[in-house]
Amino acid sequence: MSDFRQRALDYHAKPTPGKIRVELSKPAETVDDLALAYSPGVAEPCREIAEAPNAAYTYTGKGNMVAVISNGTAILGLGNLGPLASKPVMEGKALLFKRFAGLDSIDIEVKHRTTEEFINTVANIADTFGGINLEDIKAPECFEIEQELIKRCKIPVFHDDQHGTAIVTAAGMLNALEIQGKNIGDAKIVCMGAGAAAVACMELLIKCGAQRERIYMLDRKGVIHTRRDDLTPHKMLFANNTDKRSLEDVMEGADIFVGVSGPDLLPPEALELMAPNPIVFACSNPDPEIKPEVALAVRSDLIMATGRSDYPNQVNNVLCFPFIFRGALDVRATAINDEMKVAAVEALRSISKEPVPESVLKASKTDSLTFGKDYIIPKPMDPRLCARIAKAVAQAAIDSGVARLEVIPDYQ
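Okay, so the sequence shown: first residue is 322 according to this note's numbering, each after it adds one.
Worth double-checking, as some hints may not be accurate.
Unchecked claim - Simulated DEER-style distance windows between Cβ atoms: (1) Pro704 - Arg434: 41 to 49 Å; (2) Tyr632 - Arg725: 52 to 60 Å; (3) Pro704 - Leu399: 26 to 34 Å; (4) Lys528 - Glu679: 30 to 38 Å; (5) Glu372 - Lys419: 40 to 48 Å.
Claimed, not checked - Simulated crosslink set (BS3-like; lysine-lysine; CA at most 25 Å straight-line): (6) Lys528 - Lys459; (7) Lys612 - Lys542; (8) Lys475 - Lys712; (9) Lys432 - Lys408; (10) Lys383 - Lys472; (11) Lys509 - Lys556; (12) Lys340 - Lys383; (13) Lys459 - Lys542; (14) Lys694 - Lys683; (15) Lys475 - Lys340; (16) Lys712 - Lys528; (17) Lys459 - Lys408; (18) Lys340 - Lys509; (19) Lys419 - Lys383; (20) Lys509 - Lys565; (21) Lys674 - Lys686; (22) Lys340 - Lys528; (23) Lys528 - Lys472; (24) Lys674 - Lys503; (25) Lys712 - Lys419; (26) Lys712 - Lys383; (27) Lys472 - Lys459; (28) Lys408 - Lys335; (29) Lys509 - Lys542; (30) Lys503 - Lys383; (31) Lys556 - Lys542; (32) Lys419 - Lys509; (33) Lys612 - Lys528; (34) Lys383 - Lys475; (35) Lys340 - Lys419; (36) Lys556 - Lys528; (37) Lys674 - Lys694; (38) Lys383 - Lys347; (39) Lys432 - Lys472; (40) Lys694 - Lys509.
Because the hints were derived from the structure by calculation, they are not lab data. Beta carbons are placed, not taken as given, at the ideal position from N, Cα and C, and that holds for glycine.
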């Protein structure tokens with residue numbers, strides 16, 4: 322057994338199994354405390370909530386509570402291992418909510434036979450929480466699940482594998498384009514992968530100015546084009562009217578490559594075909610579509626990002642999802658809409674252009690970080706992320722009409 326594997330197992334098992342626990346927020350030491358916490362005192366907030374359901378935000382922890390929910394059908398890079406095997410990941414997500422945004426979070430793993438059964442299960446418990454983070458649910462079911470739950474729930478529902486990845490990708494991509502002197506509206510984009518993250522990334526880039534007809538998406542069968550008869554509805558959105566069929570065909574003159582597929586799927590020979598000053602986001606984890614050292618040996622004019630922390634420009638969802646929920650819950654938003662996602666993109670990319678706090682340099686084990694080819698996205702430990710992104714998201718929720726409160730907290 323490798324040393325790292327043993328350390329990981331020990332971390333999860335000792336001294337107490339798991340990564341999260343419940344702690345009390347009120348005193349429970351005396352008879353009077355218990356009389357207020359439970360019977361008979363608990364009857365009073367029950368009556369208030371029955372009379373006015375929004376009173377649950379005043380008298381319970383609902384407004385600061387996110388559920389992390391999965392069926393375990395697409396666990397990280399491990400695939401369909403089932404609900405129970407997803408629990409360490411979901412506990413990890415709950416840990417990140419608490420660590421980075423001060424949000425209480427509980428993991429819920431759901432067994433089901435049909436997509437409808439999963440949707441009904443989540444919809445029936447949704448009122449317990451202030452928001453729902455869907456996680457590690459395979460495509461194409463994840464699209465239907467999220468859209469139906471958004472319709473049925475009165476709280477934010479957010480599939481982070483789709484939208485968290487898309488937001489961080491868009492922020493880094495817009496910055497990379499700026500550095501490379503390119504315009505997103507003119508860029509030719511190749512996307513390797515056609516799952517949840519790929520579709521969400523491309524849709525958000527379109528909202529940021531990319532042209533749909535200049536996007537070439539590939540799945541396991543090659544280029545997604547209009548003459549194929551095996552496409553799901555979400556792949557059809559990216560069916561290009563083209564005679565190009567292979568990766569090499571579409572990489573000719575491409576400005577951007579986005580990989581959300583698998584390891585070592587981008588050959589150096591294909592990278593050589595790209596336009597001058599290309600951008601490559603190779604986000605397959607743990608191993609990217611092409612290793613940075615291989616890519617940079619082929620193209621010195623490249624800007625490169627991966628999903629890994631041991632290379633520059635890590636595309637990491639923790640840069641946005643805790644703070645998006647923080648902002649959404651603080652104004653009691655009923656949804657996380659496109660306006661809120663774009664606001665998060667702009668807030669995230671703006672932080673990269675500002676002087677980096679000393680604490681971030683120390684945590685990153687470096688003397689300097691300056692906006693440029695090796696620093697297009699902030700580091701996850703940047704203390705500015707929560708306040709800046711949460712505030713931008715909260716304001717966008719108010720401006721777009723989905724907030725039930727119109728007072729934004731004074732984020733520190």
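task = Against the earlier hints, flag every one the structure doesn't satisfy and list their numbers going up.
result = 2, 5, 15, 18, 22, 30, 32 and 33
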